[in-house]
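Novice: Here is how the chains run, residue by residue.
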Amino acid sequence: MTVTSVDTDYHSLTVTLIADFDASIDQVWELWSDPRKLERWWGPPGYPATFEKHDLSPGGEVTYRMTGPEGDKHHGVWRVTAIDPPASLEFTDAFADSGGAPLEDSPVSVISVRLLEHEGGGTRMEIRMTFETRADMERIVETGTVEGLKQAVSQMDGLVAA
Amino acid sequence: MRTWVSFLDLPVTYNNMVVDEVPTEVVDEVFRALADSTRRDILRRCAADEPSVSRLAQAYPMSFAAVQKHVAVLERAGLVVKVRRGREQLVHTDAAAVERARQALDELEATWRGRVDRMSNLLATGGTK
Chain A
1 MTVTSVDTDY
11 HSLTVTLIAD
21 FDASIDQVWE
31 LWSDPRKLER
41 WWGPPGYPAT
51 FEKHDLSPGG
61 EVTYRMTGPE
71 GDKHHGVWRV
81 TAIDPPASLE
91 FTDAFADSGG
101 APLEDSPVSV
111 ISVRLLEHEG
121 GGTRMEIRMT
131 FETRADMERI
141 VETGTVEGLK
151 QAVSQMDGLV
161 AA
Chain B
1 MRTWVSFLDL
11 PVTYNNMVVD
21 EVPTEVVDEV
31 FRALADSTRR
41 DILRRCAADE
51 PSVSRLAQAY
61 PMSFAAVQKH
71 VAVLERAGLV
81 VKVRRGREQL
91 VHTDAAAVER
101 ARQALDELEA
111 TWRGRVDRMS
121 NLLATGGTK
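Note that the protein sequences, when read in sequence, are chains A and B. Be aware that the first sequence starts at 1, since it is given in our numbering, and climbs by one per residue. Be aware that the second sequence starts at 1, since it is given in our numbering, and climbs by one per residue.
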């Protein structure tokens, strides 16, 4: 099991997920820092992501679109608030228009990623998500259900590829 | 296993329920309602009991109108239901709405579990080489 623990705090509307990968910290970091790798896992099955702008520096922007099965496009934008390669990354994530500008009525979620290499090898990733209401909720409603149903499929894909 | 018990101190257990689509506006209202500590406290009281609005108002250092407003926000989110009994308005929780909120959070968890699985697969299949 990659996911070691998930702690959902209904009081503060925070989800904290800890995962352990059998890979070096640099390999895990590349999943975030290389847009071509990032887009292979960000979108749920059926909604592949394409990252356009990818500026991982403080104040930098990352823009992406996810394309649904009907050809429907869902745009999003990150604003990087802090980065310390390969150990940590903090950003906000919001819905955006097709030009990558955050939607006015799309409050933001705050995502904080921490990586720590284990002494015996392998890397721990901690992701902390704080809800700030609508944007996240919309995303859950839009893609969460799909995700839940198709999660098993993605795992099988991985096994087939192996 | 987390349940609403940690949040509401409710002796409630949920079975696996049929997963419905959660309309965005509903989720919005629910999270707005839960974002306030007074409203969460009201929700706890209403889950344990079926207090009247006036009895609730006595429990907080604020005006009757202010408490009434909090109850209205909870009501709009579908978290509580007001029932008229005689001259009193009794407030009780809507467990199904609480369940919908819980479900929304759990779906976010599922989203990230999916992402982590895909990350893991990429690493395992040499997608990062």
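Hints were generated in silico from the structure; no laboratory data involved. Possibly wrong hints are sitting among the right ones.
Interface residues of chain A toward chain B, partial, derived using beta-carbon atoms under 8 Å [what the hints assert, rightly or not]: (1) T8; (2) F21; (3) I25; (4) F95; (5) M129.
The following label-pair restraints were derived from C-beta to C-beta distances [what the hints assert, rightly or not]: (6) E70(A) x H92(B): 36 to 46 Å; (7) G126(B) x G71(A): 48 to 58 Å; (8) S88(A) x R85(B): 48 to 58 Å; (9) T38(B) x S88(A): 33 to 43 Å; (10) T50(A) x G126(B): 17 to 27 Å; (11) E70(A) x A66(B): 43 to 53 Å; (12) G71(A) x R87(B): 56 to 66 Å; (13) V81(B) x H118(A): 42 to 52 Å; (14) D7(A) x S63(B): 44 to 54 Å.
Quick reminder that beta carbons are idealized off the backbone N, C-alpha and C, glycines included.
Novice: Could you run down the list of hints and mark each one as holding or not?
Specialist: Results for each hint:
With its C-beta approaching chain B no nearer than about 5 Å, T8(A) sits inside the 8 Å limit, and its interface hint holds. Taking 8 Å as the C-beta contact cut-off toward chain B, the hint placing F21(A) at the interface holds, the least distance being around 6 Å. Annotation: interface hint on I25(A) violated; nearest CB of chain B at approximately 12 Å, more than 8 Å. Given the 8 Å rule on beta carbons, the hint for F95(A) is violated: about 12 Å separates it from the nearest Cβ of chain B.
The interface hint given for M129(A) holds, since its Cβ lies 7 Å from the closest Cβ of chain B, which is under the 8 Å cut-off. Evaluation of the 36 to 46 Å hint for E70(A) and H92(B) yields a pass: the beta carbon distance comes to about 42 Å. Separation of G126(B) from G71(A) is about 31 Å and departs from the stated range, judged on CB atoms against 48 to 58 Å. Checked against the hint of 48 to 58 Å, the C-beta distance between S88(A) and R85(B) comes to roughly 55 Å, which is consistent with it.
For the pair T38(B) and S88(A), the supplied restraint of 33 to 43 Å holds, since their beta-carbon distance comes to about 35 Å. Between T50(A) and G126(B) the beta carbons are some 22 Å apart, a value that agrees with the proposed interval 17 to 27 Å. Under the hint 43 to 53 Å, the C-beta atoms of E70(A) and A66(B), about 47 Å apart, fit the expected range. In this structure the supplied range 56 to 66 Å holds for G71(A) paired with R87(B), their Cβ-Cβ distance being about 58 Å.
About 51 Å separates the C-beta atoms of V81(B) and H118(A), a value consistent with the hinted range of 42 to 52 Å. About 38 Å separates the C-beta atoms of D7(A) and S63(B), a value inconsistent with the hinted range of 44 to 54 Å.
Comparing the model with each earlier hint shows violations of hints 3, 4, 7, 14; every other hint is respected.
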